[in-house]
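2 protein chains.
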Amino acid sequence: MKTYNVAVVGATGLVGREMIKILEERDFPVKKLSLLASDKSAGTKILFKSEEIKVESFHKDFFNQVDIALFSAGGDVSKKLVPIAVSKGTVVIDNSSYFRMHNDVPLVIPEVNPEKIFEHDGIIANPNCSTIQMIAALAPIHKISKITKIVVSTYQAVSGSGKAAIDELYNQTKEVLEEKKISRVVYPHQIAFNAIPHIDTFESNGFTKEEMKMVHETRKILNDENIKISPTCVRIPAFFGHAESVYFELEKRLELSKIKEIIRNEPNLKLIDDIFNNKYPLQIMTEYYDEVMVGRVRKDLHNENGYNIWVVANNLRKGAALNAVQIAEKLIQRDI
Amino acid sequence: MKTYNVAVVGATGLVGREMIKILEERDFPVKKLSLLASDKSAGTKILFKSEEIKVESFHKDFFNQVDIALFSAGGDVSKKLVPIAVSKGTVVIDNSSYFRMHNDVPLVIPEVNPEKIFEHDGIIANPNCSTIQMIAALAPIHKISKITKIVVSTYQAVSGSGKAAIDELYNQTKEVLEEKKISRVVYPHQIAFNAIPHIDTFESNGFTKEEMKMVHETRKILNDENIKISPTCVRIPAFFGHAESVYFELEKRLELSKIKEIIRNEPNLKLIDDIFNNKYPLQIMTEYYDEVMVGRVRKDLHNENGYNIWVVANNLRKGAALNAVQIAEKLIQRDI
Numbered sequence: 292m293k294t295y296n297v298a299v300v301g302a303t304g305l306v307g308r309e310m311i312k313i314l315e316e317r318d319f320p321v322k323k324l325s326l327l328a329s330d331k332s333a334g335t336k337i338l339f340k341s342e343e344i345k346v347e348s349f350h351k352d353f354f355n356q357v358d359i360a361l362f363s364a365g366g367d368v369s370k371k372l373v374p375i376a377v378s379k380g381t382v383v384i385d386n387s388s389y390f391r392m393h394n395d396v397p398l399v400i401p402e403v404n405p406e407k408i409f410e411h412d413g414i415i416a417n418p419n420c421s422t423i424q425m426i427a428a429l430a431p432i433h434k435i436s437k438i439t440k441i442v443v444s445t446y447q448a449v450s451g452s453g454k455a456a457i458d459e460l461y462n463q464t465k466e467v468l469e470e471k472k473i474s475r476v477v478y479p480h481q482i483a484f485n486a487i488p489h490i491d492t493f494e495s496n497g498f499t500k501e502e503m504k505m506v507h508e509t510r511k512i513l514n515d516e517n518i519k520i521s522p523t524c525v526r527i528p529a530f531f532g533h534a535e536s537v538y539f540e541l542e543k544r545l546e547l548s549k550i551k552e553i554i555r556n557e558p559n560l561k562l563i564d565d566i567f568n569n570k571y572p573l574q575i576m577t578e579y580y581d582e583v584m585v586g587r588v589r590k591d592l593h594n595e596n597g598y599n600i601w602v603v604a605n606n607l608r609k610g611a612a613l614n615a616v617q618i619a620e621k622l623i624q625r626d627i
Numbered sequence: 292m293k294t295y296n297v298a299v300v301g302a303t304g305l306v307g308r309e310m311i312k313i314l315e316e317r318d319f320p321v322k323k324l325s326l327l328a329s330d331k332s333a334g335t336k337i338l339f340k341s342e343e344i345k346v347e348s349f350h351k352d353f354f355n356q357v358d359i360a361l362f363s364a365g366g367d368v369s370k371k372l373v374p375i376a377v378s379k380g381t382v383v384i385d386n387s388s389y390f391r392m393h394n395d396v397p398l399v400i401p402e403v404n405p406e407k408i409f410e411h412d413g414i415i416a417n418p419n420c421s422t423i424q425m426i427a428a429l430a431p432i433h434k435i436s437k438i439t440k441i442v443v444s445t446y447q448a449v450s451g452s453g454k455a456a457i458d459e460l461y462n463q464t465k466e467v468l469e470e471k472k473i474s475r476v477v478y479p480h481q482i483a484f485n486a487i488p489h490i491d492t493f494e495s496n497g498f499t500k501e502e503m504k505m506v507h508e509t510r511k512i513l514n515d516e517n518i519k520i521s522p523t524c525v526r527i528p529a530f531f532g533h534a535e536s537v538y539f540e541l542e543k544r545l546e547l548s549k550i551k552e553i554i555r556n557e558p559n560l561k562l563i564d565d566i567f568n569n570k571y572p573l574q575i576m577t578e579y580y581d582e583v584m585v586g587r588v589r590k591d592l593h594n595e596n597g598y599n600i601w602v603v604a605n606n607l608r609k610g611a612a613l614n615a616v617q618i619a620e621k622l623i624q625r626d627i
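Respectively, the protein sequence lines represent chains G and B. Heads up, the first sequence is in our numbering, so the first residue is 292 and it goes up one at a time. Heads up, the second sequence is in our numbering, so the first residue is 292 and it goes up one at a time.
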């Protein structure tokens, strides 16, 4: 079996560490794993298949002989280092938003638009976490009857903002319980026992960048510029897992049983929908499931073609690291 | 000035205690205040205007000479005791859901449909918390241009489930931080650091009763059976304050500036909408504001008549106790 030299860029971050874990869990055919992080984190040792790998800081030969690089170090690092990697012949799977909307960069959820992977010109972009789970759930329905409209409100975990945000929720929670003054670094407001309707920066149209990602990325992935999407992205005091309340309308009506069947038959989706036994997807379940969980599937009360679902997924895994590794797995099915 | 004998039924509950506080804060013309609770809570003493009032358990003379009774003791108590109170000539303002949809019972938000107050036949119903804040925000817009469709997702605090739920969130939070086993009494799943898309019981259409309340009560309050409402009600780990992500469509387009002006001019609403300075309503603000707070007011990206808002209010006050007292205040403007 052919093996590959793989690099993880941003190796010490929450998503980077998850990428390394997933490469091992899924037994990706790694010949050599190289790890890159900021100067501050370089020197850290990370275990991969019982071997300690030392995290490097960037040097001009880092990408020599690297076949596949998984990037998750933010847009600025991708902007600077991805072109260098590509110039050395490395195929980059980039989790930052930097290249996602570039015309010649495929934006891929492997179970939705795998064919795009092979149209890459050195870079394949990983969509935003909140887009991935929504589109993973909706795409198989969209294939049968076109989705015309989506209204989505998110319930996003703090781990989406990195390790410092996990610490912030933890510390603020303790401070509230101990009736101490709240300390604040990552978010503009207290996140403990509060919801903040503000993720990423605001644009002049009143939507946040996170919300606009859901609009633009959905249209690009589904290759359908006509879908109307109304997103509201909200951070809530959960550590892990994003939840989404999704209302959608179809071009032609499908029976509820048909929609459930479509979800049930998708290997990357998990239908958890037994309301009378209190079974529906929950963020605390994302520790156990890699599938995108879908529940509370119901028909709208008024609109013949309207439906509601509740979608939950692990934002660090399917929302980021796992989706990237799944792209890599498809990629190597053909010789890269 | 005329004064009234007032009773609070469910006086020791979260909403009952808030009712007593608000009667004092707003200097409601109380001649005598009587307090009623379950046998278990009877005997408790509650301070009202520097006077200790002893909570009674029900006896057949309790409602004699009571002019106005504020009920917040759940549907079963209302079912049993409201008719007794009414038979004694008491006007009941009932916070339970029991009478809300009865044809001859007005369902009132005082700033929205005050005229209904005087059509009462002994009972005036207080709407559900999640309905009150949504309709308080939307009704003034609806008056200018009819609302045709609403898609709403809620972020509701545990205080809506009573004192035991506040304890549950507090205890579970400590248990998570201390890595102990989670204890569970009120909710079917862990609420600490998790969102539960399940409030009240499920109906056969897949919606919960809480969600159906938003549908039925909205239509009754606005006296408009044509409004299409798609609700998803979710409990999140906040102690106080409900937040709602509301998408709505109007019959005829209004400028965004007009919508903001309408909100700004309503004395019971507070427009908090300065996104570039990180200003939008938050649940932690509900301690300070009795107004329904509205922010993130924006035009839909695709639908000419579509809009999004973020609505936050104090669920125990405007969502329950304050609205009930405001009804009483209107009521006594005419001789009851």
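Hints in this document: simulated from the structure, not taken from any laboratory. Mixed in with the good hints there might be a few duds.
Intra- or inter-copy, both count: the list cannot distinguish identical chains.
[Unchecked claim] Dumping the calculated DSS-like pairs for lysine-lysine here, alpha-carbon to alpha-carbon at most 27 Å:
#, residue 1, residue 2
1, Lys-434, Lys-543
2, Lys-500, Lys-570
3, Lys-590, Lys-500
4, Lys-312, Lys-454
5, Lys-454, Lys-570
6, Lys-500, Lys-322
7, Lys-549, Lys-500
8, Lys-465, Lys-570
9, Lys-340, Lys-570
10, Lys-561, Lys-621
Any hints from earlier that this structure breaks? Give me their numbers in increasing order, please. 6, 9
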